[in-house]
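Novice: Assemble the complex: chain Y is given as a structure, and chain G must be docked to it using the hints.
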Amino acid sequence: MNRRTVLRAAGAGVAGVTLAGCLTRNGDENGTPAEDDGPLRIATYTSMVDGYDPAGPWLKEAFEEEHPDAELEWTVPEDGVNLYVQQAQQDVEVDADLYFGLNVDDLVRVDEELGEGALFQPLDRDRLENAGRVRSDLEFDDPSGRVLPYDTGYISLVYDENEVDEPTTFEDLVDPAYEGTLLAQNAQQSDPGQAFMLWTIDAYGTDGYLEYWRELVDNDVDIRGDWDSAYNAYLEGERPIVVSYSTDQVFAVADDLDLSRHQVAFPNEQGYANPEGMAIFEGAQTDLAYEFVDFVLSSEAQAEIATRNVQFPAIEAEYVDLEDSFTDYAFEPSEAVTFSYDDLRGNLDGWTDEWSREIVGR
Amino acid sequence: MSASGRIADVRAWFAGRALVVMALATAAVLVVMLYVPVGVVFSEALFVDGRFSVGNFRAVLADPFYLGVLAPVFADPLAVGTHLGALVGWLASISVSVSPAFPWFTLEVPDVRLGLFGFTAYQATLSTVASVVLGLPAAYVLANYEFRGRQTLRSLTILPFVLPGIMVAVGFYATFGQTGTLNSLLGLAGLGPYPFLGRYPLAVVIVAHAFYNAPLVARITVAAWESVDVRTVETARSLGASPRRAFRDVVVPQLLPAVLTGALLTFVFTFMTFPIVLALGGLQLATVEVWVYDRIRRLAFAEAATLAVLETIVTLSVTYAYLRYESAQAGMSRAASPPPREQLFPDVRTAFTPSRLAILGYGVVAAVVFVGPLASLIVGSVTDGSGFTLRYYAFLLERQVEGASFQTRPWPAIRNSLLFGVATLAVALPMGVVISVLTARAGRLGTVVDALAMLPLAVSGIVFGIGLLQGLVFGIALPGGWRLQVTGAVAIVAAHAVAAYPFVTRNVSPLLADLDPAMVESARALGATRARALLDVELPLVASGVVAGAAFAFAISIGEFSSTVILAAGSETYTMPVAVERYLGRRPGPAIAMGTLLLVVTAASFVVVDRVGGRFERD
Numbered sequence: 151m152n153r154r155t156v157l158r159a160a161g162a163g164v165a166g167v168t169l170a171g172c173l174t175r176n177g178d179e180n181g182t183p184a185e186d187d188g189p190l191r192i193a194t195y196t197s198m199v200d201g202y203d204p205a206g207p208w209l210k211e212a213f214e215e216e217h218p219d220a221e222l223e224w225t226v227p228e229d230g231v232n233l234y235v236q237q238a239q240q241d242v243e244v245d246a247d248l249y250f251g252l253n254v255d256d257l258v259r260v261d262e263e264l265g266e267g268a269l270f271q272p273l274d275r276d277r278l279e280n281a282g283r284v285r286s287d288l289e290f291d292d293p294s295g296r297v298l299p300y301d302t303g304y305i306s307l308v309y310d311e312n313e314v315d316e317p318t319t320f321e322d323l324v325d326p327a328y329e330g331t332l333l334a335q336n337a338q339q340s341d342p343g344q345a346f347m348l349w350t351i352d353a354y355g356t357d358g359y360l361e362y363w364r365e366l367v368d369n370d371v372d373i374r375g376d377w378d379s380a381y382n383a384y385l386e387g388e389r390p391i392v393v394s395y396s397t398d399q400v401f402a403v404a405d406d407l408d409l410s411r412h413q414v415a416f417p418n419e420q421g422y423a424n425p426e427g428m429a430i431f432e433g434a435q436t437d438l439a440y441e442f443v444d445f446v447l448s449s450e451a452q453a454e455i456a457t458r459n460v461q462f463p464a465i466e467a468e469y470v471d472l473e474d475s476f477t478d479y480a481f482e483p484s485e486a487v488t489f490s491y492d493d494l495r496g497n498l499d500g501w502t503d504e505w506s507r508e509i510v511g512r
Numbered sequence: 014m015s016a017s018g019r020i021a022d023v024r025a026w027f028a029g030r031a032l033v034v035m036a037l038a039t040a041a042v043l044v045v046m047l048y049v050p051v052g053v054v055f056s057e058a059l060f061v062d063g064r065f066s067v068g069n070f071r072a073v074l075a076d077p078f079y080l081g082v083l084a085p086v087f088a089d090p091l092a093v094g095t096h097l098g099a100l101v102g103w104l105a106s107i108s109v110s111v112s113p114a115f116p117w118f119t120l121e122v123p124d125v126r127l128g129l130f131g132f133t134a135y136q137a138t139l140s141t142v143a144s145v146v147l148g149l150p151a152a153y154v155l156a157n158y159e160f161r162g163r164q165t166l167r168s169l170t171i172l173p174f175v176l177p178g179i180m181v182a183v184g185f186y187a188t189f190g191q192t193g194t195l196n197s198l199l200g201l202a203g204l205g206p207y208p209f210l211g212r213y214p215l216a217v218v219i220v221a222h223a224f225y226n227a228p229l230v231a232r233i234t235v236a237a238w239e240s241v242d243v244r245t246v247e248t249a250r251s252l253g254a255s256p257r258r259a260f261r262d263v264v265v266p267q268l269l270p271a272v273l274t275g276a277l278l279t280f281v282f283t284f285m286t287f288p289i290v291l292a293l294g295g296l297q298l299a300t301v302e303v304w305v306y307d308r309i310r311r312l313a314f315a316e317a318a319t320l321a322v323l324e325t326i327v328t329l330s331v332t333y334a335y336l337r338y339e340s341a342q343a344g345m346s347r348a349a350s351p352p353p354r355e356q357l358f359p360d361v362r363t364a365f366t367p368s369r370l371a372i373l374g375y376g377v378v379a380a381v382v383f384v385g386p387l388a389s390l391i392v393g394s395v396t397d398g399s400g401f402t403l404r405y406y407a408f409l410l411e412r413q414v415e416g417a418s419f420q421t422r423p424w425p426a427i428r429n430s431l432l433f434g435v436a437t438l439a440v441a442l443p444m445g446v447v448i449s450v451l452t453a454r455a456g457r458l459g460t461v462v463d464a465l466a467m468l469p470l471a472v473s474g475i476v477f478g479i480g481l482l483q484g485l486v487f488g489i490a491l492p493g494g495w496r497l498q499v500t501g502a503v504a505i506v507a508a509h510a511v512a513a514y515p516f517v518t519r520n521v522s523p524l525l526a527d528l529d530p531a532m533v534e535s536a537r538a539l540g541a542t543r544a545r546a547l548l549d550v551e552l553p554l555v556a557s558g559v560v561a562g563a564a565f566a567f568a569i570s571i572g573e574f575s576s577t578v579i580l581a582a583g584s585e586t587y588t589m590p591v592a593v594e595r596y597l598g599r600r601p602g603p604a605i606a607m608g609t610l611l612l613v614v615t616a617a618s619f620v621v622v623d624r625v626g627g628r629f630e631r632d
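Protein sequence lines, in the order shown, are assigned to chains Y and G. Heads up, my numbering is the position in the first sequence plus 150, with the first residue counted as 1. Heads up, my numbering is the position in the second sequence plus 13, with the first residue counted as 1.
For reference, chain G alone in the conformation it holds in the complex:
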């Protein structure tokens, strides 16, 4: 056989097995960058003095501080009678009082001690509801109406996602604080000042979580909305369904998986929340992750790992439950043909219809919650106690020009962020798509694999960082006195890709599951390889999901902090959020200016990501 023939053979072999090769590569990245580091830390929870033990878990589960009223159940699971007695006692102490005044019935429920886990789940649930309530109207407007700047606004929905927690706190103080913008505006109307931040800390934390996550819900839902098949709506209408009925019976079922995906991600994120509750809420609103962080700082890894494992069990269980639902939704084939968009404000008269006024009202709320903090950051970067100033930017410029090698300069941070972001896209997109394809039609086992593939989202970021430090930066001991170490730019990109691919998977999987398997089968019957069928048949049909996932992957990479600082072993691999943190000090000015640069650079990149991505979508 000739050499060129052999090369052609090899090439054909690879083409035929491209999917397998990619799956193996994905698995390899996951093992090195995820399973090994996380395993290193988790094993601390499971082994006491080198022997397997559940002692760590028993101690946490039986502690009312962590588990609240459930602790006695874990402490003594067999004492069913006692637990039932406690429950009956609690039920019995609920009292209803009847009074002639409104409300006529008042329900007196004795306090339930939630414990740290209970409270964490409670605030995550509230945050999820708030994010969905704030995110859905945005998705509705973006998917159904045409107006100037719609594309750009759609691109920018993801912007809040990349902001470091401390920046969000700064923006929130400046907007909602005692002397903030909102109170100044209310002051003009003779109202206030209201202690928005001081009096209702839990509400503030929930709004801050919605600030981060409502855009995420909106974005995922818009992507699904744009791939709704308008012909199914038309069919329903032609069969006599009212617009409302057609929406409820035809459109809603097509959107629900996306909305729930957004809700799931929000729950998982806010369950693991940490910087926001500490910056805005104070210690009284501490979550489990706050305790994980504290134990890590005190080098009490066993306790940290135990808490982290329990956190992971909670988030993975929620994910699994959702995925069971999602796979049950997989249904009929449909080619995307999105509904046409209406003009938002075609003329003056339409502007005063109830639906337009409602949209306007939502716009005001969105402006306060989303634009307010962002605008306050920008204003904060050019003002100080005495008025307009450019000295924070002058500081950045001076640091760029004269900064020493051990100092943080703005340009390398911007450059690294963008490079890592693009590289993360290149790695995370194939990883996410491969996992989607592998799990799409594998039934219940696929669901389990899919849930495990969500592990990067379910594992505490702080624990992941420690795992990377101990596993990869210090190196893994190999036989013969060798150590395998992984640090530097490649490790950072790999870590970012591992954190990002679940977003690609979660955006692509529901759409992929909706495709008719017959389409792939006929392509295969006509001689296409599995990879070719994926590339030519499936991907174009789910492009909106891939693009949405891509934007998330990029955003995750830009915003990532904890593993970046740990893997950036040299001083040359810091990113924009790292620079923001390093500039923080007694004077927040330079950090806010750097945060504004982060905003501008990422805003521009998202518009580009979406425009480039948009070319692959069938809009």
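Chain Y with its partners taken away, still in its complex shape:
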């Protein structure tokens, strides 16, 4: 019995009530290549498909229009790429063709769990017309060449100019004038939180970042679990500075919010770049997946992803036209900081552990 059919039937909700348990034979499914006539199964995160005007539905429609024989199927696994790492570990069929929304740290975790070069196939860039247009500064530097970026965000500070002056350096944030003003996120479990921690490592080095955070804690930084709770607290006027994204004003304008409460600051004139990538699973239906990757890097798709996902395109500016509503309110830092695969490999867990123990142990 094909496992995918089973899951689909069992998941069909109330209609599938009678089908609770199911016996399957291992041999029937493992190692079987994906059906080439089935839908292209793409795993992603929630806001790609749900929320206001997301990019996912547009991508599906436009891609299916261009490839009338193809069908695209979005899935949103709980806890992201971890599901597929576990499927691989437990010898269960990995039930997706492509992962859309991979971060560098995800890739590092994949390799630390499954071995270098695992889970995804190396991309043959010669098969991709648009691969050459990708901004080189956003590349993942994966030694196995499995990932291509499709957009990037910049972590920055968002502040309320009625309450505080623009923080222009990291040193500002530990100044008594900024006591009790900053909302940050837990680097253990939040993307911007982790990015902000790595950024301080870039600024102060692995010997100095804990000392800097000690000063931040003394200056009463408030570290929330995730971006949602930190940003909610910011919206409610709890504190005047929050670690967030440099595209914040795009949303503020769309929501008629007061821009003076949504100013973007780049401490040290930097922002931390968090490129998002896509990768094709081993054993996926490769041809269609390549078509999709190429399509995502087309000018048209890049413009749509940028405005709908409110992130910057991954291809060079000359290849993509962006609406004014985006370019007027989305800011890029003059210098982007980012940690490559090599920087993070073998280090990330240790840095995060030391960081969290430093904060909690006090």
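The set of hints was computed from the structure by calculation and includes no laboratory data. Owing to the predicted nature of the structure, the values given are computational and were not obtained by experimental measurement. Where is the CB? At the ideal position from N, CA and C, for every residue including glycine. Incorrect hints may have been included.
Claimed, not checked - Examples of chain G residues toward chain Y, derived with CB under 7 angstroms: (1) L312; (2) A417; (3) F419.
To be verified - Rough simulated footprint, nothing fancy, chain Y against chain G, three-plus residues with beta-carbon under 8 angstroms: (4) 179-186; (5) 285-297; (6) 478-489; (7) 591-599.
Specialist: The following block gives chain G in isolation, referenced to the frame of chain Y:
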């Protein structure tokens, strides 16, 4: 023998053994949905490279980060002298200073490093005290006074219980935040603004825990109060006891098990707390569960499982201690005949008596803590930065009408939540009652079984979710290359029932233990089967407990998140809380609107559950 005779025989056989059959069914559900998944994860803690080892535990226990001042004791248990020396040193460094100013004595106690476990227990204890202090007055008012809407209010006490943590955080910011409702009101009086949330994060977390759990304490206590035998009070009074004395000596002992049950559940819940501390308290107030979550996200299952096992040991020990107490309380037979209720405000003059004013004062506190956040959510769903708006609801409507199959639509979420809730009731009620009956008169062994039956509450929700994923969604390998997989609607209902039945048990057991065994024995002597005696004699007498348990079971199912998302393998089995989480994004509006729908739908359901249930109670 004729066929119909044989069927009658089979039927009689089943009737005679109905309880056994149900007990076996309960055991089967527990094995598949609880013991196997949890065992899959826990074994990661106990086995290193396939061999049994306590190394994982030793590493955690000896780490001052986790155990604080107790870590050296675990690191080197035999160095009694050293540990005593450390204790003496600590005692010696306590100093008392005497000064002429008030307070005359000040006690200087050196800081004790609590460690993650110590802090978790500390905030759970404070949260429990706060929940009991806030919950008991509500129970007193609901059980003793009559007023318009009492029944409805009693039904709604359980509402906070179903709210996702992130919704509570949103409601708390909107109420207690720097620019929140409370500060706006105080501003009218020329006060504030006060940084309620910013300055005292621990206090905020504790109030949020009370928001969740005080209603639980209230509800369990009301159920017990309504089954107090008023004749025992009358007897005490006729023997010359003052009302105060009669209350202390007769009513309080009958209520105490219920109050402590509420306290126990609160402690267990807040010991395992996770989303609330992260949303409201910040990382400085992290609990053990925060670390479990972090290890799971990094796929470090051995460490996660080790922490989860230790958490479970703590919560099960507390549960066992309580159950020992509870079984010692089992006493005399009494038929429920609840005390009559007084009018809350019969006339204007009574409204100004001290007791009425105290109730009024409590009402104000309750309105701020409970109604405030809920009302703020509702207001937040129809306002944006610039005023009144219906666009969040328009978003939901549009998503319902035009949403693609891979998107989350509101109606399927509502429908699934209600269906799973009702199905959970149908499964959890018999399970909970069966376990109550089996453990009611089994002495100390019964207490052990009872404590183990509380396992679903004592196990980390995150670990349970991972167990379900690895055990049931991926499937359990069977001989011959087969795999047993359990996913979809039935698995979700079973998981919800497993999470919910302990509430039925905890509400029913104390009442059941109080019944005179002679009643069941005489029914059996007159020819009733054990199941018949349960149905006709015992259940009607403990109906208030069963109904209270039912409401909890329904609430657990509606509010459950972590195992639902994991078992909802298809996109069609999401529930309301899952929809709320999926709508969260850069704009919280749609999620808040969906949260408001969740509130409205569950509020309506609770009123129905209670009204329907009320018909079985002897009110």
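Novice: Now look at each hint and say whether the structure bears it out.
Specialist: To see whether the hints hold, each was checked on the structure:
1. L312: holds (6 angstroms)
2. A417: holds (6 angstroms)
3. F419: holds (4 angstroms)
4. 179-186: holds (count 4)
5. 285-297: It holds, with 8 qualifying residues against the three required.
6. 478-489: holds (count 4)
7. 591-599: Result for this restraint: holds, n = 6.
The earlier numbered hints are all upheld by this structure, with none contradicted.
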